[in-house]
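There are 2 protein chains.
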Amino acid sequence: MRLVDDGDPSGLAAIEQLNPHTGRAYVLGVTGNPGSGKSTLVDGLIRQLRTRGESVGVVAIDPTSPFSGGAILGDRVRMADHALDEGVYIRSVATRGNLGGISRSTPAILHVLDAMGFDWLIVETVGVGQDEVDIAAFADTCVVVTVPGLGDEVQASKAGILEVADVFVVNKADRPGADRLVRELSQMLDLDDNHLRWRPPIVRTIATSNDGLGELLGEVERHRAEAGADLDARRHRRNRHLTRLLALGEAARRIDEYLAGDGWQALDDQIAAGTLSPFAAAFSVLGDIDFS
Amino acid sequence: MRLVDDGDPSGLAAIEQLNPHTGRAYVLGVTGNPGSGKSTLVDGLIRQLRTRGESVGVVAIDPTSPFSGGAILGDRVRMADHALDEGVYIRSVATRGNLGGISRSTPAILHVLDAMGFDWLIVETVGVGQDEVDIAAFADTCVVVTVPGLGDEVQASKAGILEVADVFVVNKADRPGADRLVRELSQMLDLDDNHLRWRPPIVRTIATSNDGLGELLGEVERHRAEAGADLDARRHRRNRHLTRLLALGEAARRIDEYLAGDGWQALDDQIAAGTLSPFAAAFSVLGDIDFS
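Residue numbers (the working numbering), protein chains in the order written: chain A, 1 to 292; chain B, 1 to 292.
Heads up, a few of these hints could be off.
[Said to hold, decoys possible] FRET-style restraints, in silico, Cβ to Cβ:
#1 Gly274/B <-> Gly261/A: 34 to 44 Å
#2 Arg224/A <-> Arg183/B: 27 to 37 Å
#3 Ser186/B <-> Gly149/A: 24 to 34 Å
#4 Arg24/B <-> Asp232/A: 33 to 43 Å
#5 Gln265/A <-> Ala273/B: 44 to 54 Å
#6 Thr208/B <-> Arg199/A: 50 to 60 Å
#7 Asp174/A <-> Arg52/B: 45 to 55 Å
#8 Ser186/B <-> Asp119/A: 42 to 52 Å
#9 Gly274/A <-> Asp262/B: 37 to 47 Å
#10 Asp119/B <-> Asp232/A: 54 to 64 Å
#11 Asp256/B <-> Arg50/A: 39 to 49 Å
#12 Ala227/B <-> Gln265/A: 39 to 49 Å
[Claimed, not checked] To give an idea of the chain B side of the interface with chain A (calculated C-beta under 7 Å), a few residues:
#13 Gly35
#14 Gly149
#15 Leu189
#16 Asn239
#17 Leu242
#18 Arg244
#19 Leu246
#20 Pro278
#21 Ala281
#22 Leu286
#23 Ser292
Keep in mind the hints are simulated off the structure, nothing from the lab. Beta carbons: idealized from backbone N, C-alpha and C, even for Gly.
Based on the sequences and whatever the hints tell you, model everything.
Here it is, written out as C-alpha cells:
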C-alpha cells in the first residue's frame, strides 16, 4: 500500500494483479459530524458482525489537519481492542491536507482488503468536508449518523447529506431533542424526491450501550437486499468517482512537486511585484507540468 | 467573477488588470466548527468595524454539500441586514463539492474586493474540512472560534488547528465548560513551539450579546501590529497556497470534462470487466488530457 501511496509503478502493478479478486466485499459507509459517536457505533457493528462470523475491514478517515499530522488517539485504542482477532482489520488514514492523502491511500487500502476476502468493508468518515462525503458516496450502503443538540448550521447541512444517506441513525437517542431530530429527518424525507424506490429508514441508537445496533444492521441488510438491482449502477458510479479522486490526487502530487522547485520562484517574484496574479500563475504551472 | 469561475480567458485578463490595485485590504480569517456561532461573531465584528468607518467585505464559505447545491438561509438574512450599507459586502460561496467551487471563486472574489478598496476582508469558513483550513491559512490574521461542550473528537482536531490560529475565541463563554476549554487551549499553547514570537491570545466572547467583541478586535489589531514583520513572508506563502488551489481547481475541471466524455466509457468497461483498476485508469486519464 505504501508503494501505491508513493506513486511507484511497481505498486501500481501489484494493485492491478488484485483486480480479479475484488468486488466481493460489501462496502458500508458510515459518516457523521464530529461528536456524533460514529466510532463507537462502528465498534458495535464490528462486534455484531463478528458474532455472525463475518470478517470486517475498517478504514477510518481521520480529519486531523495537515498542520499537525497527528492521528486521533481513539483509533489506536480501537485497534488494541481487536488486536488478536484476525477477522478484524482497522486502519486510520489521516487526510493530511492534500487530496493525495485521502484519495490515494484509502481506495488502495480498500482494494487490498477487498482482495484479501473481508466480507465487510466499513469506511468511516466525518460528514462535513467534501472529501469525506466523496468517500461515503461510493459505499454500497451509506449510513449517516446524526445526533440531537447540534446547532442550526449543522441541521441545514443535513439537507446536503440527504442524497448520500441510505440509512439514518439518530445516535445518543436518550438525549433531549432526539424525537425532534427524528421528526425533522422524517419531514426532510417527505419532501425529498430522490428516494422514490427506497425511503431511508431512521434508526435510533445508543451506541455506548449497544441499543439499536441490531436494528441498524437489519436495516443495512434490508437495503442490501432491496437495492441489489441498483448495485451495478452504483459501482459504475463509484469507479468513476474513484478514478476522479485518484487522478486529482496524482495531479496534486505533481503540482506540489512543481511548486517545490525553481519554476515556482520566478512566478512568485512576479506575483509579489504585482505583474502576475495567482490565477494566471496557476495556468502557467499547469502548462509547465508533464502529466503524461 | 463568473467569467473567472468558468475559466474564460477574458475573465482572467480582467483579473490581471486588477493586480496593481490589490494587496491593500487586511484579510481576516474566521474559522470554527459548525454551531460555534462564528457567523454571529462575524456580524458583530462588521458592526464594530463600521462604527470606526472602515469598510468590510465578507466571503462566507458555505459547507453545503454538492448533492443539494443549496445555501444556508442564515447568510441571506445577513445580507439583508446590511443591504443598504455600501461599506459592507457579504457573499456566500457554496463549496459545491469540486475543488473548483471553493478554489476558483473564493480567491477571485477576494481579489476583486481587494481591488475595490475594502479595508477588511473577512473569510469565514468551517474549520473541519481541509478546504476550509486551506482558505483560513492564507489570512493575515486567523481567528479560530471554539465553543464549550463539543465531543472529544473535536477537541482532538484542535491540535491541528493550533498552527493556523493567531487568536483563539471561546464563544458562548457563559456556557458550562468554558473555563475548562480556556484551560485546555492554554495548555495546548504551553506545549506548542510554533508560536515563539506570538502566543495566540484566548478571548472569551458571547457573540449574541456582543460581549468580548471589542477585546477580540483589539487582539486582532495587536496581532496586525506585532506580526507586521511576518506579513510579507505570510503573503508569499499565501500566493503559493492560492496558486496551488487554483491549479488544482483547473485540473479538476479538465478531469471532470474528460470523465463526462467518450474516453471514460472505454475505461469504465475495462474496470467493470476487472481488467483495469481505477488506479491505472487515473493515470490513463491524466495522460490523455491536454493541460497546457
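Status of the hints after comparison with the structure:
| no. | hint | result |
| --- | --- | --- |
| 1 | Gly274/B <-> Gly261/A: 34 to 44 Å | holds, 39 Å |
| 2 | Arg224/A <-> Arg183/B: 27 to 37 Å | violated, 47 Å |
| 3 | Ser186/B <-> Gly149/A: 24 to 34 Å | holds, 27 Å |
| 4 | Arg24/B <-> Asp232/A: 33 to 43 Å | violated, 56 Å |
| 5 | Gln265/A <-> Ala273/B: 44 to 54 Å | holds, 47 Å |
| 6 | Thr208/B <-> Arg199/A: 50 to 60 Å | violated, 38 Å |
| 7 | Asp174/A <-> Arg52/B: 45 to 55 Å | holds, 49 Å |
| 8 | Ser186/B <-> Asp119/A: 42 to 52 Å | holds, 47 Å |
| 9 | Gly274/A <-> Asp262/B: 37 to 47 Å | holds, 43 Å |
| 10 | Asp119/B <-> Asp232/A: 54 to 64 Å | holds, 57 Å |
| 11 | Asp256/B <-> Arg50/A: 39 to 49 Å | holds, 40 Å |
| 12 | Ala227/B <-> Gln265/A: 39 to 49 Å | violated, 24 Å |
| 13 | Gly35 | holds, 3 Å |
| 14 | Gly149 | violated, 9 Å |
| 15 | Leu189 | violated, 14 Å |
| 16 | Asn239 | holds, 5 Å |
| 17 | Leu242 | holds, 4 Å |
| 18 | Arg244 | holds, 6 Å |
| 19 | Leu246 | holds, 3 Å |
| 20 | Pro278 | holds, 4 Å |
| 21 | Ala281 | holds, 5 Å |
| 22 | Leu286 | holds, 5 Å |
| 23 | Ser292 | holds, 4 Å |
Going through the hint list in order, the structure does not satisfy hints 2, 4, 6, 12, 14 and 15.
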